[in-house]
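Please arrange chain B on chain A, whose structure you already have, making use of the hints.
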Amino acid sequence: MALSRFASSSRSGSLLKPLSSAISLRRPISTDTTPITLETSVPFTAHQCEAPSRTVQTTANELLTFFRDMALMRRMEIAADSLYKAKLIRGFCHLYDGQEAVAVGMEAALTKKDCIITAYRDHCTFMARGGTLLEVFAELMGRQAGCSRGKGGSMHFYKKDSNFYGGHGIVGAQVPLGCGLAFAQKYSKDEAVTFALYGDGAANQGQLFEALNISALWDLPAILVCENNHYGMGTAEWRAAKSPAYYKRGDYAPGLKVDGMDVLAVKQACTFAKEHALKNGPIILEMDTYRYHGHSMSDPGSTYRTRDEITGVRQERDPIERIRKLILSHDLATEKELKDIEKEVRKEVDDAIAQAKENPVPESSELFTNVYAKGLGVESFGADRKEVRATLP
Amino acid sequence: MAAIFQGVGAAAPLSSSPSNSFDSNKSVFSPPRSFSVVRSDGIVNLNPKGRSAQRLISNAVATKADSPAASSSSKPGHELLLFEALQEGLEEEMERDPRVCVMGEDVGHYGGSYKVTKGLAKRFGDLRVLDTPIAENSFTGMGIGAAMTGLRPVIEGMNMGFLLLAFNQISNNCGMLHYTSGGQFTIPVVIRGPGGVGRQLGAEHSQRLESYFQSIPGIQMVACSTPYNAKGLMKAAIRSENPVILFEHVLLYNLKERIPDEDYICNLEEAEMVRPGEHVTILTYSRMRYHVMQAAKTLVNKGYDPEVIDIRSLKPFDLHTIGNSVKKTHRVLIVEECMRTGGIGASLTAAITENFNDYLDAPIMCLSSQDVPTPYAGTLEEVTVVQPAQIVTAVEQLCQ
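Protein chains in written order, with this note's numbering: chain A, 1 to 393; chain B, 394 to 793.
Since the hints were derived computationally from the structure, they do not count as laboratory data. Careful, some of the hints might be misleading.
[As the list claims (entries may be wrong)] Simulated DEER-style distance windows between Cβ atoms: (1) Gly518(B) x Lys85(A): 53 to 61 Å; (2) Ala236(A) x Lys515(B): 47 to 55 Å; (3) Asn280(A) x Gly518(B): 15 to 23 Å; (4) Gln593(B) x Ser302(A): 41 to 49 Å; (5) Thr369(A) x Leu753(B): 32 to 40 Å; (6) Ile527(B) x Pro360(A): 48 to 56 Å; (7) Thr34(A) x Lys515(B): 43 to 51 Å; (8) Asp764(B) x Ser302(A): 34 to 42 Å; (9) Glu363(A) x Leu753(B): 42 to 50 Å; (10) Lys112(A) x Asp490(B): 23 to 31 Å; (11) Lys279(A) x Pro526(B): 17 to 25 Å; (12) Thr734(B) x Asp251(A): 41 to 49 Å; (13) Ala236(A) x Glu597(B): 32 to 40 Å.
[As the list claims (entries may be wrong)] Only some residues are given here: those of chain B computed to face chain A with a beta carbon under 10 Å: (14) Met496; (15) Ile527; (16) Gln562; (17) Asn566; (18) Ile580; (19) Pro581; (20) Ser633.
[What the hints assert, rightly or not] Calculated from the model, a selection of chain B residues having no Cβ within reach of chain A, i.e. all distances over 10 Å: (21) Met535; (22) Asn647; (23) Arg651; (24) Lys695; (25) Gly735; (26) Gln763; (27) Asp764; (28) Pro781; (29) Gln783; (30) Thr786; (31) Ala787.
We put the CB at the ideal spot given by N, CA and C, even for glycine.
Bound conformation, chain A alone (with noise of 0.2 Å):
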């Protein structure tokens, strides 16, 4: 791999000062953004278009936000595994610790009039879009506080003021609703786009097919991600689908492969597929990743694989990791700095845990609202117009 050096006098003395200051909560390391040119682990592969350069740019600043936010997910993550076995969390909790970069990588090339939907394995992609860390808590544990006031749970994360549409349980369901957003994007004529996450396990439904249709039919902004960490719950993606090529599934759509554990690489696919879907109509992004807990927290994850390959991709191809590792090759901050970084990050989830903890959970009659939106008067209860029981005089 050519790891183009970043050589500048100035380097060392950008690295002395801000390590005398005093460390914060803030980026307190190299923020310097003079660019670096890496490369990706992969080439990326390309279905009906020209991939995309393995050649990326990124900047020591952009470097160390991207640990900083995958580490603070991943320890989000692990928190909500062990409030899950207190039993503070029920029902489903999915997790997302290994497939970070893609949320990442997928935040760093969009602006915040772009919209993105996923399916429930939402909690990094809510955090990725501007979600705080008290809203995921409070909503894992059914608190006031959370993003969906405790009604909605883990499946169901929304954040409307950063156009993240959720947050949504039943499997595949959630495509045609982002090809939705995508239509009013043009619609709107608002020139921003619509990235709409499945999973390999999602990729055989028919809605899917169906959506890309419509999408490519009325060259909607739509950028469909099949987020492929190769299982659908139990089922290995060699048993669930013919053909496992999911960027090529869209076939009159142009499709690219992409390393989901390589934020770098992630970050330049959905650069090149915005200005793609804005030109030319929906593309699939195959983004391959991995994923370390089980499907569920109800799921060991250890019946249909075994452990050596869960920590054989956790050695050899852990997002962090990489990150880690290119941060000190290229001397942007040391060892003892990232591991205060995940200090600083694993005293914030705290933080946010024992606030959560706090937060009282939601009033009776909080049961009732939202049930309709106030539009000509109708608050309902029961059968009738306005009260469990109606009464004439």
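Relative to chain A, chain B alone:
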């Protein structure tokens, strides 16, 4: 008191005196009314949009021209057919709000399989009147996704039965997103299409989906039955922030009526008083309204005075109108086209029993379609749905 009653304009005819109760020995009834009286103060003008007085169709089969109400050309308003009324409502709303768009199969260039969207594509273009491929699941999903951003799509199912393919989208996304997002997103879609038993269309094309959708939390359901309320409900549904399912009926598209020229909407949650009466409350909706009115003719000749209410709002029920009627007549007959099991009538029976049991003199009778797939043979199909003769028998039984 009068304010709560429907028909607030002229309070006198709606008497609530106890002299109308029935004796089991003989058929006592108030002085027979002439059936062709057209009430002009039908629905209460609580609607802030200022609706003009509604003109009622007093005959059961609308294409007959013997009604005194529809003949004069000097009366204001214009005459049109029900599908034209729907089209007018849709066109007016599309003009009024650029966020309204229509999507469905053959709604654009073809003009709509029942001509409800005729001419719209030419006027508003391909981006606002969208011809979709045959993919109900995804285009319903797309409409809902677009609505999450603020657009107001009107999604047409060519036949209501086809929307079963989109049940997941309608139930989970359309109905529930407002709730599961903690109020962040509203889904102002209108899902509409013709349903009901037609003329030998076969089992799969004669479905009544109101019974399947009624449990979905977060949606409103309305059924139109006249050109007047079709246009009014269409407009109200489009303007509503909530997802509304508008049930039309295959056999009612060619009904003719004179409707006002000015802008009006119908309240989505209100029932319509078709014919006030004293002896029995008949609750119905959509096509069965006409069977009921036909039976009402016979009943009046036999000396009964039925009160006919078109419930219109299938979810939520207008228990205020219904309750006041039950309070007056003490007998309820529900006539619906849904199947007996799990239909709208079943829910309505439960709602009335729970709320107004004290006012009932007899158990509620519910006439529904038979629990069978609709057969093709015409004679069998006729027996599947409720016919006027059965309604007459039921009222006689109820009023003994």
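Cross-check of the supplied hints:
1. Gly518(B) x Lys85(A): 53 to 61 Å: Given range 53 to 61 Å: holds, Cβ gap about 56 Å.
2. Ala236(A) x Lys515(B): 47 to 55 Å: holds (52 Å)
3. Asn280(A) x Gly518(B): 15 to 23 Å: Once the Cβ atoms are compared, 22 Å apart, the range 15 to 23 Å for glycine 518(B) and asparagine 280(A) holds.
4. Gln593(B) x Ser302(A): 41 to 49 Å: For glutamine 593(B) and serine 302(A) the Cβ distance comes to about 59 Å; the hint is violated.
5. Thr369(A) x Leu753(B): 32 to 40 Å: This hint holds: roughly 33 Å between Cβ atoms.
6. Ile527(B) x Pro360(A): 48 to 56 Å: This hint holds: roughly 49 Å between Cβ atoms.
7. Thr34(A) x Lys515(B): 43 to 51 Å: Because 58 Å falls outside the window, the suggested range is violated.
8. Asp764(B) x Ser302(A): 34 to 42 Å: violated (49 Å)
9. Glu363(A) x Leu753(B): 42 to 50 Å: violated (36 Å)
10. Lys112(A) x Asp490(B): 23 to 31 Å: Taking Cβ atoms as reference, lysine 112(A) and aspartate 490(B) lie about 26 Å apart, which means the hint holds.
11. Lys279(A) x Pro526(B): 17 to 25 Å: Holds - the Cβ-Cβ distance for lysine 279(A) and proline 526(B), about 23 Å, lies within 17 to 25 Å.
12. Thr734(B) x Asp251(A): 41 to 49 Å: Hint holds: Cβ distance 44 Å, inside 41 to 49 Å.
13. Ala236(A) x Glu597(B): 32 to 40 Å: holds (38 Å)
14. Met496: holds (9 Å)
15. Ile527: holds (9 Å)
16. Gln562: holds (6 Å)
17. Asn566: holds (6 Å)
18. Ile580: holds (8 Å)
19. Pro581: At 8 Å from the nearest chain A Cβ, proline 581(B) passes the 10 Å test, so the hint holds.
20. Ser633: Since the shortest Cβ distance to chain A is 4 Å, the answer is holds.
21. Met535: Methionine 535(B) is in fact no farther than 10 Å from some Cβ atom of chain A, at 4 Å.
22. Asn647: About 29 Å separates asparagine 647(B) from the closest Cβ of chain A, which puts it past 10 Å; holds.
23. Arg651: At about 26 Å from chain A, arginine 651(B) clears the 10 Å cut-off, so the statement holds.
24. Lys695: holds (30 Å)
25. Gly735: holds (14 Å)
26. Gln763: Holds, since 25 Å exceeds 10 Å.
27. Asp764: holds (23 Å)
28. Pro781: holds (28 Å)
29. Gln783: With a cut-off of 10 Å, glutamine 783(B) remains clear of chain A, as the shortest Cβ separation is near 26 Å.
30. Thr786: The claim stands: threonine 786(B) keeps its Cβ more than 10 Å from every Cβ of chain A (closest is about 28 Å).
31. Ala787: The assertion about alanine 787(B) holds, with a minimum of 23 Å to chain A.
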